[in-house]
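**Q** If you follow the hints, you should be able to join the two separate chains into one complex; please do so.
Chains A and B are the protein sequences, given in the same order.
Going by full-length UniProt numbering, the residue at position 90 of the first sequence is 90; the numbering climbs one at a time, nothing skipped.
Going by full-length UniProt numbering, the residue at position 132 of the second sequence is 132; the numbering climbs one at a time, nothing skipped.
In case anyone wonders, no lab produced these hints; they're calculated from the structure.
Keep in mind the model is a prediction, meaning the values are calculated, not measured.
Hints should not be assumed to be uniformly reliable.
[As the list claims (entries may be wrong)] Straight line, CA to CA, 27 Å or less: simulated DSS-like cross-link-like pairs of lysine-lysine:
id	chain 1	residue 1	chain 2	residue 2
1	B	K195	B	K130
2	B	K139	A	K245
3	A	K251	B	K195
4	B	K130	A	K251
[Stated by the list, open to error] Only some residues are given here: those of chain A computed to face chain B with a beta carbon under 7 Å:
id	residue
5	E233
6	L234
7	A237
8	L239
9	A240
10	L241
11	G242
12	V243
13	P244
14	R247
15	K251
16	V252
17	P255
18	T256
Glycine included, every Cβ here is placed at the ideal spot set by N, Cα and C.
Below are the chains, spelled out letter by letter.
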Amino acid sequence: MSTATVTPKGPSTLRGARLPKWSPYAIAAGSIAVAIGIGVVGGLHSRVQWGLIAAILYVVASYAIATMVEGKRQAKDRMVTSLVWVAFLLAVIPLASLVWSTVARGVKVLDLYFLTHSMGVVADTEPGGGIYHAILGTLEQVGLATVIAAPIGVLTAIYLVEYGRGNLSKAITFFVDVMTGIPSIVAGLFILSLMLIFEMQPFGFAGSLALAILMMPVVVRSTEEMLKLVPNELREASLALGVPKWRTILKVVLPTSLGGITTGIMLSIARITGETAPVLLLVWGNPLINANPFEGAQASLPLYIYQQYANSAGSGAAYDRAWAASLTLIAFVMLLNLVARGIARWKAPSTGR
Amino acid sequence: MAKRIDVSGLTAYYGSHKAIEDISMTVEPRSVTAFIGPSGCGKSTFLRTLNRMHEVTSGGRVEGKVLLDDEDLYGSGIDPVSVRREVGMVFQRPNPFPTMSIFDNVAAGLRLNGNYKKSELSDVVEKSLKGANLWNEVKDRLNKPGSGLSGGQQQRLCIARAIAVEPNVLLMDEPCSALDPISTLAIEDLIGELKERFTIVIVTHNMQQAARVSDRTAFFNLSAVGQPGKLIEIDDTERIFSNPSVQATEDYISGRFG
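With the rest of the complex left out, here is chain B (with noise of 0.2 Å):
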């Protein structure tokens, strides 16, 4: 299921504008790995390289390799759908679609790709939901609309609708920056759950939830305001927060920087 992801000379453009550049990191398959640092420092752009969501944007445009499991992402013939198949995400704001119920929004992922047994679709919808810890809060009421849920069990059912289609690595955009520190615990317990299944890559601007939640984290940082974001380092969560290997790396967690 997980599968390895490795980035190499990686850099992403907005226009002429270059957002980060010349970025490297392996991401271990069945681990959580968090990106840190600044907002505009290009976490985010970075992310969504993983699964061609960067392009999706207008004029944006990527350089380098992004191997899943020795293949590549930006290879020629690669079908951006087929990527964002296997690279699930989950965003900032809860986002389920306001025109289907509970249910529909978990199956959307299947039904809207077509290929699926009617047998098989509510299995997988009470599997989903209860991978994403929300099926005893739905459960009887799957064909109410999902905007009708709380913001926490919103995100949940988003997670449950990204995993529903058995993705391979699963990326987060700052999940719980809308949420209560309740959903927030929430959410970072099932993180814990779920990285037994998936590769999880997850953007924070908390870095006491990226200390809890990753075995491995990324700090990124820019030199300049317009200038682009580049990976400062990337090191096990623990020697991150205790002795990382680059000052600014350490000016940034303790609360130290300019």
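Same shape as in the complex, but just chain A (with noise of 0.2 Å):
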């Protein structure tokens, strides 16, 4: 050991030249200020072409400026985080404007008279009516949907998870995944094949039993991973106590679980509501209030949107009605979607800390 090993007290390694913090943003405005340059001088009319050549300038200037300024390995890292800010934007625009269109459509017509009256004498290309109908034959097609998937999805879960053994379990998850691929058109002439063997009329209960079908394997999916996540540890503290395997999963695992698996029905729920095909098929719409899904035909609001546009001949005041719809939907999903995380978060296990 010479003391020549040490070397003299150069600049420190640990440290490097850094970008200012504001750095990103101001790469970011001067993309798009470039951006807009090229574009106003090489007359370019799309603004998706602004955005796209500002995107990639980002890109470009982030890792370019931080290679000369931080290095090559700040760079790549610089490079990639744009990427994935770029990326971001990307999926964020489309939603927002999709919000914003269905909004700002939406609200010309949507008021309590739209939601308290249905179409009964209004005809299609005329002002007026409302989605009372739709919003009752929706509500009731997938309630009973519900009511027939959700209770079985959930047992075949507990059965796959908890007692499932051998080539049965393996079977039911394989056509659980298979089913997860059916399209809602074919499940809905698989009912209408039924239907036209027994010679009936369409009827809301139809449309159910296809949502049911597409519904099923969703829930089943979803409460099978919500139950793998319960830990051994307590079905087997529960045993040890000599509690029986059927009360250990009625009163320790579901119980465990509940918050995930009303989360997974949930979201299901928000699936099937806006299915169109199979309720074309088998419920067939209908402009007048029929709130008996066993007999006769019925409406629902992703077809009543469907049918305010096609049926219209481009009537502004169907249109106004389509998108009005339309937010009434989107706005239903979403509340799903708010009580499932509630529930969720109600439901959560404790830590009590």
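**A** Encoded structure:
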């Protein structure tokens, strides 16, 4: 060990030049400015092109500037970070614009009258009318579908996680996966074929059956994941107390995972609420209020939106109603999601600290 | 209350893998028996065969006899659920039910089994928590979640939960391995008190602990990895730690192995 190996005090190897904190914003502002410049000078009409140019400029500029000031490794870090931001914005812009246009066009005719009246005496091309019958239909069809699919789905998941062994559970898992991929129109056709065999007229419950087929695999999958998250130690603790298995599942496993299971069910409800194809085939739509889902054609929100658009021969009033119905549908789904989150938070096992 | 355990020719499998082979021993009532031995030698598996928790694991099965005061736990017509009410268990990691309060955790065994009187419930909870030396620490927050307690308190809560159903035997699978020395001491003191009422079997990797708490000690070993574990010897703890009759036991206890 000679003292010569001790290097004379140079600049610290732990410290390097860093770009100031505000630099990403500055680079973003600069790229946007340059992109606008290019757009104006080059005579590009599409704003989308301007945005894309700005995005590319931002990524390239972050990388180049960081390479000059901070070095290669930090530059890569900055480039990836900026790519993530660009991707995020690309994903958010369509969503934001969709919500914006729905709200902007939907509020025109959305009022209490609209929510509490049907299209009974209003022709599709004339202003007036409402979506009461469609809301009623959607609530009934989705409600019945949930009553069918949620218990079957949850029980299937309990079987798969708690009891399932061997080939039967493998087969069930496989078919649940297949069912997840069934297009909604196919589920509709399946029920339609049954309806034709028994020579029945369209009615709301037929739609519920098709929606239940679509909902079941989603419930099974999400419930399965939630049950798997319950630590095995809790099951063993309960069994070791001399509690039978079924009571262990009912009193320990299910309460522990209840929040997650409810969230899964809510999200699957949100998914089937927007289904149009099976409802079109099986429920047909009806401008009148039909509160009985077991007899006669019914309306539903997605179907109403489609029919207002398709059957109105370009009437502005019908378009307005379609947008207002869309807004109602989105609000309903969003409300379901919020309720699901609320339940998940409320039911989550607390740490009590 | 306490019952004698008499094991003869017990062999346990996980699927086709033989985990322990031909184990015979007697556990006296109102005593503490400690199981020691290297990891994977089948101590925990053997412990779990004593209240039929072994078969909860998929592929788990058992040959041989376990007599609890002359009744064979593996005899025909024996309900494993009833066995587990007689032979309670405390696990390595504290596992209070996260959705239940401290009170509900202790009451869980009675409530979930359904055979209790409402008026007795709070008495049983108080008695069990006092039995587990936890009452003074939690009596003001019985309605708070059990998962809010410290690790040592949670483990004592689990012991309270196990003794609330008044079992005859209490099995403990490394109950202190996740705890600090002070909580460990609290649990060891508790074991000393509980042996007045229960037959206690404890698995431990801590040989000082075995020497401190147990009356008798059983040493398990396995000849090679993948081979079934075997009972090498069981004797009074004093003898095992001073003058064991088998060389392998002495080697293990004094830290000379391999």
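**Q** So, for every hint listed, does it hold in this structure?
**A** Hint check results:
no., hint, in the structure
1, K195/B - K130/B, "holds (15 Å)"
2, K139/B - K245/A, "violated (31 Å)"
3, K251/A - K195/B, "violated (31 Å)"
4, K130/B - K251/A, "holds (26 Å)"
5, E233, "holds (4 Å)"
6, L234, "holds (6 Å)"
7, A237, "holds (5 Å)"
8, L239, "holds (6 Å)"
9, A240, "holds (4 Å)"
10, L241, "holds (4 Å)"
11, G242, "holds (3 Å)"
12, V243, "holds (4 Å)"
13, P244, "holds (5 Å)"
14, R247, "holds (5 Å)"
15, K251, "holds (5 Å)"
16, V252, "holds (6 Å)"
17, P255, "holds (4 Å)"
18, T256, "holds (5 Å)"
Of the numbered hints stated above, those contradicted by the structure are hints 2, 3, listed in ascending order.
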